[in-house]
Amino acid sequence: MTADITAELLTCSVCNSTKPHQQKEPLTLYPVPDLPWSIVATDMLEWRGQNYLVLVDSYSGWYEIDLLRDTTSPAVIRKLKRHFSVHGTPHTLISDNARQYTSQQFKDFAKQWDFIHVTSSPEFPQSNGLAERAVRSAKQLMEKSHRDGTDVFLNLLNLRNIPRDPTLGSPAQRLLSRQTRSTIPVNSKLLAPSPKHAQQVTAQLFHKRMTQKRYYDASSCPLPPLTEGQVVRMQTPKGYNHLGTVKKVNKEPRSYTVQCNGRTYRRNRRHILPVAEPPPPQLTPEDIDSQHTTTCAQDCTSPAPHSPQIHL
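In numbering that gives the first Met the number 0, the protein residues as written are 0 to 311.
You may find that some hints are simply not true.
[Claimed, not checked] Once the Cα atoms are required to be at most 30 Å apart in a straight line, the calculated DSSO-like pairs of lysine-lysine come out as:
hint, residue 1, residue 2
1, Lys110, Lys78
2, Lys80, Lys237
3, Lys18, Lys195
4, Lys78, Lys237
5, Lys212, Lys18
6, Lys18, Lys138
7, Lys78, Lys18
8, Lys247, Lys78
9, Lys195, Lys78
10, Lys80, Lys110
11, Lys143, Lys207
12, Lys207, Lys195
13, Lys237, Lys110
14, Lys195, Lys23
15, Lys18, Lys247
16, Lys195, Lys106
17, Lys80, Lys143
18, Lys110, Lys143
19, Lys247, Lys207
[What the hints assert, rightly or not] Simulated DEER-style distance windows between Cβ atoms:
hint, residue 1, residue 2, range
20, Glu276, Ala74, 17 to 27 Å
21, Arg47, Lys110, 20 to 30 Å
22, Ser176, Gln281, 54 to 64 Å
23, Arg68, Pro165, 34 to 44 Å
24, Leu66, Thr27, 24 to 34 Å
25, Thr149, Thr235, 16 to 26 Å
The hints are simulated quantities; they were obtained by calculation from the structure and are not laboratory data.
All values derive from a computational prediction rather than experimental measurement.
Idealized CB from N, CA, C, for every residue including glycine.
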């Protein structure tokens with residue numbers, strides 16, 4: 000009886016579309032770098048109506064903040080080139096799937112500058128956690144500086160000089176092998192180059208990340224993998240209301256390409272619900288164009304809503 004009820008529920012479209020979020024899976028860690036500026040991550044943030052680019056080094060925790068006049072691929076590439084010309088070209092650059100990072104221009108940039116570009120799954124910022132943490136830190140720094148009326152770049156300089164622990168030292172010590180001079184008094188010996196032992200730093204970083212993973216995994220559980228052609232529902236802010244099929248199992252961990260309504264989407268496993276419903280009908284490009292034309296026609300013929308007037 001229980002098995003029959005469970006099987007029936009898996010075929011119920013209403014039941015499936017209103018299911019709660021799936022459980023989180025164990026934390027997947029990127030390789031711990033053994034050199035400064037070998038693995039870096041980037042993301043964009045908006046603060047008080049302005050767009051900024053954040054670039055962070057996984058080894059040192061050093062991050063850069065750049066104001067973006069526009070958010071096009073060429074604008075992002077120019078900022079990255081400037082930092083790469085100072086610190087060197089990284090081995091791996093991690094980003095999300097924003098259009099700035101998936102354009103042909105960015106692919107050409109990665110090939111020309113000889114680095115591996117890894118993208119995270121859309122709608123799943125945890126897969127680019129390194130950049131997300133740097134974005135939060137950058138926002139806090141800018142907001143505090145704004146409220147205090149202090150210089151954000153001077154505060155950033157001081158932040159880079161704060162030691163994390165005796166082994167790791169400060170971001171400046173890990174990246175530049177020395178402290179940087181600021182308005183805070185410092186022993187002149189700390190301004191001289193004194194490289195941190197790379198193996199000790201890597202071991203300490205690995206220990207910290209494994210501790211983080213242990214706490215995170217305590218309330219997580221792996222989800223069963225999906226296969227190509229499997230019928231699934233894709234999660235949106237309104238629930239699992241998009242029925243589709245798995246088109247491709249991507250090389251990135253827990254990443255799948257799902258086909259819904261004639262379109263393809265890349266999603267993390269946590270946002271894909273396997274179901275036992277009949278597969279959706281395959282739409283042709285002509286069907287998609289027809290749906291789009293019908294929607295546009297309805298929008299054009301619908302009366303515009305009345306806008307309320309504000310009397311000053």
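Outcome of the hint check:
no.	hint	verdict
1	Lys110 to Lys78	holds (17 Å)
2	Lys80 to Lys237	violated (40 Å)
3	Lys18 to Lys195	violated (50 Å)
4	Lys78 to Lys237	violated (37 Å)
5	Lys212 to Lys18	holds (27 Å)
6	Lys18 to Lys138	violated (34 Å)
7	Lys78 to Lys18	violated (43 Å)
8	Lys247 to Lys78	violated (34 Å)
9	Lys195 to Lys78	holds (28 Å)
10	Lys80 to Lys110	holds (13 Å)
11	Lys143 to Lys207	holds (27 Å)
12	Lys207 to Lys195	holds (17 Å)
13	Lys237 to Lys110	violated (39 Å)
14	Lys195 to Lys23	violated (36 Å)
15	Lys18 to Lys247	holds (24 Å)
16	Lys195 to Lys106	violated (34 Å)
17	Lys80 to Lys143	holds (29 Å)
18	Lys110 to Lys143	violated (39 Å)
19	Lys247 to Lys207	violated (34 Å)
20	Glu276 to Ala74: 17 to 27 Å	violated (44 Å)
21	Arg47 to Lys110: 20 to 30 Å	violated (36 Å)
22	Ser176 to Gln281: 54 to 64 Å	holds (58 Å)
23	Arg68 to Pro165: 34 to 44 Å	holds (42 Å)
24	Leu66 to Thr27: 24 to 34 Å	holds (32 Å)
25	Thr149 to Thr235: 16 to 26 Å	violated (42 Å)
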